[in-house]
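Chains as they are written, first to last, in numbering that gives the first Met the number 0: chain Z, 0 to 736; chain X, 0 to 736.
None of the hints are false.
Just so you know, same-sequence chains aren't split out, so a pair can sit in one copy or run between any two.
In silico lysine to any residue, SDA-like type, Cα no more than 20 Å apart, as pairs:
no.: 1; residue 1: Lys621; residue 2: Leu592
no.: 2; residue 1: Lys553; residue 2: Ala54
no.: 3; residue 1: Lys553; residue 2: Leu334
no.: 4; residue 1: Lys621; residue 2: Asp689
no.: 5; residue 1: Lys621; residue 2: Ala714
no.: 6; residue 1: Lys553; residue 2: Asn565
no.: 7; residue 1: Lys621; residue 2: Arg711
Bear in mind the hints are in silico, worked out from the structure with no lab data behind them.
Spelled out from the first residue to the last, the chains are:
Protein chains: 2
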Amino acid sequence: MLRHDALSDEASLVAARRPLFRLQDPLPLCAPRARKARLASLPGLHGVVSRMWDAGRPWVAVVLVGVLTGAVASGLDVLSGWLSDLRMGKCTDMWWMSRGLCCAGLEPGEQCRAWRTWGEIAAKEGHVVARALAQYGVYMVTAVLFALTSSAFVNVFAPFAFHTGIPEIKVLLGGYVMRGFLSPMTLLIKSLGLPLAVASGLSLGKEGPLVHVACCICDLVLRPFESLRGNGARHREILSAAAAAGVSVAFGAPLGGVLFSLEEISTFFPGSTLWQSFVCAIVAAVTLQYIDPFNTGKLALFTVTASQVWRGFELVPWLLLGVAGGIWGAWFIRLNEEWERIRRASGLREWPVTEVGALALFTAVVSYLVVFMRVPSSELVVALFQDCSGPDAYGLCECVPRPSLPARPREQGLTLGTQRSSSNTSSIVFLLLLTAFAKTLLTAATFGASIPAGIFLPSLTIGACAGRAVGLVMDALQKAHPQSWVFADCPADGGCINTSVYAVIGAASALGGVTRMTISLVVILFELTGAIDIVIQLMMAVMVAKFTGDYFSKNGIYETWINLRNYPFLNTKLDYRRDTFLARHVMTPVNELACVTDEGWEVSRLEALLDEEDYRGFPVVKTMRTRVILGYIGRAELWEALMIDSRSPQPQTTSATSAKLRPARHAADGRPWVSLAPWMDEIPVCMSQDTPMELVVQMFQRIGLRFVLLTRQGALMGLLTRMVRPAFPMSSVQPPH
Amino acid sequence: MLRHDALSDEASLVAARRPLFRLQDPLPLCAPRARKARLASLPGLHGVVSRMWDAGRPWVAVVLVGVLTGAVASGLDVLSGWLSDLRMGKCTDMWWMSRGLCCAGLEPGEQCRAWRTWGEIAAKEGHVVARALAQYGVYMVTAVLFALTSSAFVNVFAPFAFHTGIPEIKVLLGGYVMRGFLSPMTLLIKSLGLPLAVASGLSLGKEGPLVHVACCICDLVLRPFESLRGNGARHREILSAAAAAGVSVAFGAPLGGVLFSLEEISTFFPGSTLWQSFVCAIVAAVTLQYIDPFNTGKLALFTVTASQVWRGFELVPWLLLGVAGGIWGAWFIRLNEEWERIRRASGLREWPVTEVGALALFTAVVSYLVVFMRVPSSELVVALFQDCSGPDAYGLCECVPRPSLPARPREQGLTLGTQRSSSNTSSIVFLLLLTAFAKTLLTAATFGASIPAGIFLPSLTIGACAGRAVGLVMDALQKAHPQSWVFADCPADGGCINTSVYAVIGAASALGGVTRMTISLVVILFELTGAIDIVIQLMMAVMVAKFTGDYFSKNGIYETWINLRNYPFLNTKLDYRRDTFLARHVMTPVNELACVTDEGWEVSRLEALLDEEDYRGFPVVKTMRTRVILGYIGRAELWEALMIDSRSPQPQTTSATSAKLRPARHAADGRPWVSLAPWMDEIPVCMSQDTPMELVVQMFQRIGLRFVLLTRQGALMGLLTRMVRPAFPMSSVQPPH
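The shape of chain Z in the complex, shown without the other chains:
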């Protein structure tokens, strides 16, 4: 896996000419240092201002990214809301207003006359059936229309705008460059396509895509800051911060955003990144709260009123929910993967827009049948997370028999009462589980289709449905057998099981199973719900779900998609300590490597080397006999050196301290010669070939090295690079320009 793989023909061509993926420098090397030194030497006020600006630039960029992310997220929220409302009716006075705005300013209880449903508009005095048909028709037509528009946008203008974007961001922050992924066009299309996709009623969320949007904004903001953008490490730091801002506005969870960036996104996370993420996430959250697109004035989207009292026996269903979440997550990933394979194997991928249209139609038809599927997922989650003390929106609480039931003779009353409630319970439990199952299938088909789509909200919904169902079953059991030793801890006046807590734990388990996030997931969930009292339960559920999920499949959904698309990526979360290999067991040995020596290379010979060999880079050694290492030159750099040389045939001077690489016949004989020193990495990291692989992998993971030269007693013995796979399936999502 970690071998210095030769690329396939097609891919190597891409790599040599216009690399689609390119490894960035792990560290700011020569150029930034020279700039720093120049800045430090500037005299007087000009110097002070320049140095302040130099130190302040990242912060200016970070604050700008935060503000813009908050603003764009607010805009997206408003747009999604308006489009979703438009499927049900319109504001007769001002068509561009959402229902909330249209009906604003009314007294409580007053009917909103300005807002009319499509049924009312189409068949003003008509029959109820005509109304219903008009309503249903518009609902279906808009679903397909929105989905088609969104998908067409994506396919025509910005292929990278599809899907969630998080796998690509992980790859990006792993140190690879992906052209076009953060372009302004992608930003525009994703920002337009996302509200359309959400409003179409497809089983998808807007959270993951918002992270992508935030990263696009970051790239746009950084354009005037050439020195930040050109510096790989700095660029990635600010990208991490942008990702944190994305999560921050997606869930109203600034802290969760920082931790998400820390845990899930970033390969290595120095202190300053933490700070920039912190600032960016806060600025974005404050902006969102200031604009307040939902007019609620608070950030917590799904408020849970959890009682902190819980009984020991409840650990059993909670642990079971965790296990179920893990199993479901692994199953969902498999399902999603299989569907992607089918999509590729059948001709389906040739018709991406059609696929999305058909999916939207099917989703609309199926969803209209079940009340829990008809409503937007976010509203359903709100209802599922609410206990039965408040208003009961979808009849979720009707199954709970009121404790004030009049006492009746036992053989009749109680049995009847229990039967009635349990039959109601069973129907709701059935509906909830059906919703979870249907949504699983729909989401597995949607996530990966050619439309912006996140996985977070669907998983949350499915988990909450299942959790609430388990809670209802527990509640019914307790009500049916209040005297059982199991429920001995329950108070006599009922109110033992809080079904909303089960819903939250179910949601946590499902998310843990799918994303395999840990600490950031817990924080996000508890910023999302405000349920501080159940943090232990959430932690347990997420932990059990992750353990169970990892048992069935090692990769979370994002890693799975990284593999599916063959992105180059080194999973930093895997633990290589079980690895008993030494570096020499897996390295590419020196006799299979193409080395450049210091003995004498003419330009034509170097060009021939580039043509013949398709390695991504070449170690530079003194002689092939001693194999003393002078440096390493990447394929792209060698190519660039030769290009520049062919443009300016004057001999270039070499710095006195650098190891030179030049033909043996000197400039004296009149032939042009090339100094490769400026393009050569003169400080490659060398390790003994007997180093355990775990240490090598740590070098890749934690330091961000691209390659390690392996030696024995000072002589080059082999080479290990980060895994770089051929970029084959990327052709399907290659940018069109």
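Chain Z is already provided as a structure; the job is to place chain X on it using the hints.
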């Protein structure tokens, strides 16, 4: 700083014979790999069970540590409570009961007759003055008695049990070994001394020491698991988990514990550590909740009922609080440091127990004067964090004029009312600020004295006092000028300023300024208070406080103490990217190094080398001419090799693959020869001498390397090790055995 320093004479002696600090292996190297291989080859059921046990052992240890930490923390809570109550009175029926237990089972409103204050006991029918004197006398005597006992315990039995312990744990997890710091005696003394210290009324907290207690428990639990304990990396992982459990039980913040361990404690944090911390923190929190020492059934200690509504102008006082927290933190650190210097310079350190006794007496005398100082800090914080809707324990809400004041003529009534309220406000504000100031001085003298003492609770209290004072001032201002444009956003019916939110933000700022923690501090605070709605404000306050504090002094309180005690430590949080040095600028060049060559060394010559040179290790090269690197041998290892050789004079066989280090005259001439191969590190990491220092530092920080050999074209040019300072001031806290 990072040079391969020769140790001072005294210290090098310690290093060579019985090292007080010793660097652990950064990675499990040969021995664990061999054990793994042996395990993998075991056949049948025995093999399966052995492998399962091998994989499960860390988890068994982690769960055990969690349970024991929770149990011990509960015990400490009960003991502290009983001792604190004992200062005020005793349970007449059963003297071993705390006031809560003694008075349990009473109806609300019923008077507790079993509990009598000392005043009542001493002067049953006596005069009020006699009663007060008796009460006051016992209060003073117990304060001094408890403090003296605690300090004497520490000084006689376990010097390492003093102070918070967190600096030492940071050093430990940075890869150094400190003998005696985690011994069972330290555990016992710290567990006994801590409740005494808390009950003595000194200005200290029990949170930091609990982390130390958890780590001691960890070391005890690991004793039967020799293979875990011997493996440096594994040992540190489980120690990190124990630290998380310590914070988890100290604050009832399992999530905050994990993040504390991640941010503050651990040098590098692989995925499995995160998991073990997660599990350990949860198990500890559940145990604590199950035992429920406070009989409250909940984990959040200081519940805040924060309204989520806030107005733009409030950002100004909040930011000011952040800035003030940063400045205060820097000032406090300076003050604390100065006091430690005075303690050392004067003869005070020779009388540690006396110092603590005097301090306790002084604290008791001063504290009795001000109501806010007389009560235990934790109760004060609870009161400060409460808004004025509940019961008003310490008159904190009396200054707020009731909105139901009858309307009076403007020139009289309002002015009077305002005056009255503002005079009351100003007196409370004065008392709060006085309390903050006095506690600052007392804490600066206490933190570092020879008694277990944490810094968290005092800082929290001081910050909460200051924050509440600012809130009261804002409230008075708003009440006095309700028509001002500044307060235009405030509702007409009053209730604009929530002073409890100001207290929380003040506490966050103070803690941010002192500890310089960021994300873990926010999480701890919001697990501690349950104030999910003010997470943005908390994040801002902590951020501003850290920025401000960093401007004045780079180090937080823990790093300051690491420096004060001259512990060897590489701060992983400092950003070395501004560093324009190359490795060759700071390395110890090869001509100053003592190298061992492969040319021929007799045992006597090696012994002479050990005697003459006081380096901590020696590079092994082929010849001094080529300087081709064969490996590196540490001083301790070389010494060990020679010791074993002198015990068994038989020539030892060397493995065929290892580089051998042997005298030129072979065993053939009958003289004994030594193979150093088993003791030599054959896989040292080599880097070019032109490597930027930032990369080298990253190697130390993120990979945990101890040293790097620097080369040019394959030849050894120099050496860089982690900073190891002479252990001079440690002599004062050296274990007595």
